[in-house]
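Note that the protein sequences, when read in sequence, are chains A and B.
Read left to right, the first sequence gives residues -5 to 104 (the numbering used here).
Read left to right, the second sequence gives residues 658 to 771 (the numbering used here).
Because the hints were derived from the structure by calculation, they are not lab data.
Check each hint, because a few of them may be wrong.
Claimed, not checked - Simulated restraints on C-beta separations:
hint	chain 1	residue 1	chain 2	residue 2	range
1	B	Thr728	A	Asn103	40 to 48 Å
2	B	Pro665	A	Leu(-4)	27 to 35 Å
3	A	Glu(-1)	B	Ser741	21 to 29 Å
4	B	Lys675	A	Gly34	25 to 33 Å
All values derive from a computational prediction rather than experimental measurement.
Cβ atoms here follow ideal geometry from the backbone N, Cα and C, with glycine treated the same way.
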Amino acid sequence: ELKVEQNPLFLSMQEGKNYTIYCNYSTTSDRLYWYRQDPGKSLESLFVLLSNGAVKQEGRLMASLDTKARLSTLHITAAVHDLSATYFCAVDVGGSRLTFGEGTQLTVNP
Amino acid sequence: EADIYQTPRYLVIGTGKKITLECSQTMGHDKMYWYQQDPGMELHLIHYSYGVNSTEKGDLSSESTVSRIRTEHFPLTLESARPSHTSQYLCASSDPGQVGTEAFFGQGTRLTVV
């Protein structure tokens, strides 16, 4: 059974600081996705990582994938309040079926 | 912007009632999914479909059933709702023609069974 583990699960940080969220998974996969969810809302796609060494950046967020280590990271640079949300990584287990991590609840304080 | 719609957005219903959660997409995607999410928790796949007349159960056992009579429509039905079914249900779709394309999610239905 595929397990997807994120850490930390809760992250409180100050504006302007940097931090990294980690996503470990237990089986071979070369397709990993990051989503953002605001309270009471649906999921918004952030990044699609499709190969070992893939790196993608959008604004203050950068995601990377190491398939050999079965690890993806989501790096936050100079956090701002608008980034407060829950971030999920999800691994494609085949046929575009996703197994999600537990989510990291990020709070950025002024 | 993804065009996938769920109705109702919120539903409060009594125990024993039959309910159907609607999900429609206008993107022509063959693959559709239902995920269940409890507050503050991860999503779990409960049903998926790869096309018309194709339905499969997901990783999390669910008493709900689904049907796929039309490409654009993937409703989920609970024959007899119970308080344990209280949760958020999220519908998603993806394009099988593109390798690794992400799944697009609807706004979700927040179900409360009293």
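Which numbered hints are broken by the structure, listed smallest first?
none
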